[in-house]
Amino acid sequence: MVARTAHSVPHRAADPLAGLYPAIEPYHLGRLGVDARHDLYFEESGNPAGKPVVFLHGGPGGGTDPKHRRFFDPRHYRIILFDQRGCGQSEPFASLEDNTTWHLVDDIERLREHLGIDRWQVFGGSWGSTLGVAYAEAYPERVTELVLRGIFMFTEREAQWFYGRGTRMLFPDAWDAFVSVIPEAERGDLISAYYDRLTSDNPRTRAEAARAWSMWETRVASLVADEASLSHCDDLDFTLAFARIECHYFVNKGFLAHEQQLLEDTVKIQHIPTTIVHGRYDVICPLENAWDLHRKLPRSELIIVPDGGHSAFEPGVASALREATDRFR
Amino acid sequence: MLSRRALYPEIEPYRTGMLQVSGLHNLYYEESGNPHGKPVVFLHGGPGSGTDPRQRCFFDPEAYRIVLFDQRGCGRSTPNAELRENTTWDLVADIERLRAHLLIERWQVFGGSWGSTLALAYAQTHPRRVTELVLRGIFLLRRSELLWFYQDGASALFPDAWERFLAPIPAAERSDLMRAYHRRLTSDDEAVQREAARAWSVWEAATSFLLQREDHIAHAATDDFSLAFSRIEAHYFVHRGFLEREQQLLENVGRLRQIPGVIVQGRYDVVCPLHSAWQLHRAWPEADLQIIPDAGHSAFEPGILEALVAATDRFADR
Numbered sequence: 000m001v002a003r004t005a006h007s008v009p010h011r012a013a014d015p016l017a018g019l020y021p022a023i024e025p026y027h028l029g030r031l032g033v034d035a036r037h038d039l040y041f042e043e044s045g046n047p048a049g050k051p052v053v054f055l056h057g058g059p060g061g062g063t064d065p066k067h068r069r070f071f072d073p074r075h076y077r078i079i080l081f082d083q084r085g086c087g088q089s090e091p092f093a094s095l096e097d098n099t100t101w102h103l104v105d106d107i108e109r110l111r112e113h114l115g116i117d118r119w120q121v122f123g124g125s126w127g128s129t130l131g132v133a134y135a136e137a138y139p140e141r142v143t144e145l146v147l148r149g150i151f152m153f154t155e156r157e158a159q160w161f162y163g164r165g166t167r168m169l170f171p172d173a174w175d176a177f178v179s180v181i182p183e184a185e186r187g188d189l190i191s192a193y194y195d196r197l198t199s200d201n202p203r204t205r206a207e208a209a210r211a212w213s214m215w216e217t218r219v220a221s222l223v224a225d226e227a228s229l230s231h232c233d234d235l236d237f238t239l240a241f242a243r244i245e246c247h248y249f250v251n252k253g254f255l256a257h258e259q260q261l262l263e264d265t266v267k268i269q270h271i272p273t274t275i276v277h278g279r280y281d282v283i284c285p286l287e288n289a290w291d292l293h294r295k296l297p298r299s300e301l302i303i304v305p306d307g308g309h310s311a312f313e314p315g316v317a318s319a320l321r322e323a324t325d326r327f328r
Numbered sequence: 000m001l002s003r004r005a006l007y008p009e010i011e012p013y014r015t016g017m018l019q020v021s022g023l024h025n026l027y028y029e030e031s032g033n034p035h036g037k038p039v040v041f042l043h044g045g046p047g048s049g050t051d052p053r054q055r056c057f058f059d060p061e062a063y064r065i066v067l068f069d070q071r072g073c074g075r076s077t078p079n080a081e082l083r084e085n086t087t088w089d090l091v092a093d094i095e096r097l098r099a100h101l102l103i104e105r106w107q108v109f110g111g112s113w114g115s116t117l118a119l120a121y122a123q124t125h126p127r128r129v130t131e132l133v134l135r136g137i138f139l140l141r142r143s144e145l146l147w148f149y150q151d152g153a154s155a156l157f158p159d160a161w162e163r164f165l166a167p168i169p170a171a172e173r174s175d176l177m178r179a180y181h182r183r184l185t186s187d188d189e190a191v192q193r194e195a196a197r198a199w200s201v202w203e204a205a206t207s208f209l210l211q212r213e214d215h216i217a218h219a220a221t222d223d224f225s226l227a228f229s230r231i232e233a234h235y236f237v238h239r240g241f242l243e244r245e246q247q248l249l250e251n252v253g254r255l256r257q258i259p260g261v262i263v264q265g266r267y268d269v270v271c272p273l274h275s276a277w278q279l280h281r282a283w284p285e286a287d288l289q290i291i292p293d294a295g296h297s298a299f300e301p302g303i304l305e306a307l308v309a310a311t312d313r314f315a316d317r
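Just so you know, the protein sequences line up as chains A and B, in that order.
Mapping of the first sequence onto numbering that gives the first Met the number 0: position 95 corresponds to residue 94, and the numbering continues sequentially without gaps.
Mapping of the second sequence onto numbering that gives the first Met the number 0: position 200 corresponds to residue 199, and the numbering continues sequentially without gaps.
What the hints contain is simulated information worked out from the structure, not anything from laboratory work.
Cβ coordinates follow ideal geometry from the N, Cα and C atoms, glycine included.
Take the hints with a grain of salt, since some may be wrong.
[Unchecked claim] Label pairs and their in silico Cβ distance ranges: (1) 252(A) x 165(B): 21 to 31 Å; (2) 281(B) x 187(A): 16 to 26 Å; (3) 78(B) x 266(A): 49 to 59 Å; (4) 162(B) x 269(A): 14 to 24 Å; (5) 301(B) x 256(A): 47 to 57 Å; (6) 162(B) x 325(A): 47 to 57 Å.
[Claimed, not checked] Just a few of them, taken from the derived set where beta-carbon distance is under 8 Å, the chain B residues facing chain A: (7) 18; (8) 52; (9) 147; (10) 152; (11) 154; (12) 156; (13) 158; (14) 160; (15) 208; (16) 211; (17) 212; (18) 272; (19) 273; (20) 274; (21) 283; (22) 293.
Only chain A is shown next, with the shape it has when bound in the complex (with noise of 0.2 Å):
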């Protein structure tokens, strides 16, 4: 087992974006009809000859940033881009339906075959590390790393510990904005109150749960609170699919078979190369969910960043992934 601890820096570059690699442009753009109903958005960036990488992103439902690409050596990487059944510029927008984990994992296999890639890279944090998690036990024969960040299993436990005892110690303040939303006596099983709204045919309740279900997340996602991140939760466009896409997979329990099937089955990935990268103060996906993973798969290495809460933009934990995706070019 190898846990090491990233340099500490108590006074990081005021950009925090400084330690990625610069903003690029796509150099192509797709569409990918994986059923009926869902339609995909996909792009490729980098290298059209370089190793491929991709990117899944958070949530369920948080779709893809252009900033997303920047984790990758542009030279060395083939990076691919996607958004996720409902988010993004994927479509039908915020849907629920045929929504469910085995369909991404699914989607992820039907795009690399589109793209005629034989194998790729997996790099994903927080919702991210349980799809590429979920992916690789799948389909492992198709996988040449793992990088995985704010790690998330979809136990009860990790779930409790966010919609429950565990962040609301630390954000009593931001917890009593979140709980605000659903009256007293309902307050017993919040994500399915939440969920109620979420669903609602009344657009406005469905839009002050998703601003407040969105506004939770994204004020303890920092070390430090970042206001700008905060307006994010003013676009309808954005909170409308994250709240009732992540609130869906909680409400299923991640689709899984069991709580520990992600955990368990790590059986099938013990050869992949795997490299996980979790702040110390990630107080969305504690490092215990990190620490759990990294001891089924010890031969990946766990890199604690001092200074990092559950954001991959934050300089300690960028920094490292991208320290992380060079040494596997």
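Dock chain B against chain A, hints included.
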């Protein structure tokens, strides 16, 4: 904008003494700063950690008569690590004895972590003796707070340090770690006591700063520090702080609401999570709650010490 404050320069006490508070216990105390200044008493944490000369530096030595003392059984107080006649209410009475001994009418009370617990207990018992309260890293000594730190809570963020905390305790005893530790810390076998004391003390040291400090962890691991610290802490915690009721310190806030107060709390305090400060703040809205976004538990975190010094400066000429 106010300039950022640092600690005041290190100073020596102008007077030190020992005060006999019971047939068994003798307490070390000291005075520094201005003998004619505004009196303030510093209540250290743990219980059992004792005072440190750097704690004098939270106060302007020209404005304050600074009183530090070591609570029963720790620091330079004797007998060391003694658990008999050692309860919250003994300590509250000691503070009154010391105040009377020093001929002080009323004083400011400054305390963090367990020091905040003791300050609240003292101020609720003797509210007229307190001019202001400056509190940090709020700890209300409730079962939920103890379980967060010693059973399941902080462990999720520090699984690496937690493994070392679990190591001395066999799996069969891990369902109640506080009791398992208490048994070892009160064992007749000194080697057993020492091993448990080191692990108990290192767990807290490893989780007290936003960015772990090796020097702090190394100090916490020494027998000199860890034995009194962990024995006294575990003794208080298995006895639930000798409180009559779980929510006692919160329920009795009404007795001190008229006292000017400042609460300084690190957002990433994983020893005493913000939840408790938040509840205290709601019960006592007159107090000024300051959440430091980039700090953990320790009083010596840069953002926290700035806020603490600003608070004592603000009260200096009242």
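Residue 283(B) as an interface hint toward chain A, with CB separation required under 8 Å: At 15 Å from the nearest chain A Cβ, residue 283(B) fails the 8 Å test, so the hint is violated.
Evaluation of the interface hint that places residue 274(B) against chain A, nearest CB under 8 Å: Since the shortest Cβ distance to chain A is 4 Å, the answer is holds.
Hint check, residue 156(B) versus chain A [nearest Cβ-Cβ separation less than 8 Å]: With a minimum Cβ separation of about 5 Å from chain A (threshold 8 Å), the hint on residue 156(B) holds.
Agreement of hint residue 152(B) with chain A interface, Cβ distance less than 8 Å: OK, holds: residue 152(B) within 8 Å of chain A, min 7 Å.
Status of the residue 154(B) interface restraint (C-beta, 8 Å, chain A): Holds - the Cβ of residue 154(B) comes within 8 Å of chain A, reaching about 7 Å at its closest.
Hint status (Cβ of residue 160(B) to nearest Cβ of chain A, threshold 8 Å): Violated, about 10 Å.
Interface hint outcome for residue 272(B) [beta carbon to chain A under 8 Å]: Hint holds; residue 272(B) Cβ to chain A Cβ min 4 Å, cut 8 Å.
Interface hint compliance - residue 158(B) to chain A, C-beta minimum distance less than 8 Å: Check passed: Cβ of residue 158(B) comes within 4 Å of chain A, closer than 8 Å.
Residue 18(B) as an interface hint toward chain A, with CB separation required under 8 Å: With a closest approach of 39 Å, the residue 18(B) hint is violated.
Cβ distance range 21 to 31 Å for residue 252(A) and residue 165(B), holds or violated: Given a distance of about 29 Å, which is inside 21 to 31 Å, the answer is holds.
Status of the given 14 to 24 Å range, CB of residue 269(A) versus CB of residue 162(B): For residue 269(A) against residue 162(B), whose Cβ atoms are near 22 Å apart, the range 14 to 24 Å holds.
Interface restraint verdict for residue 147(B) against chain A (beta-carbon cut-off 8 Å): Hint on residue 147(B): holds, closest Cβ of chain A at ~6 Å, below 8 Å.
Hint check: violations occur at hints 6, 7, 8, 14, 15, 17, 21; the rest are consistent with the structure.
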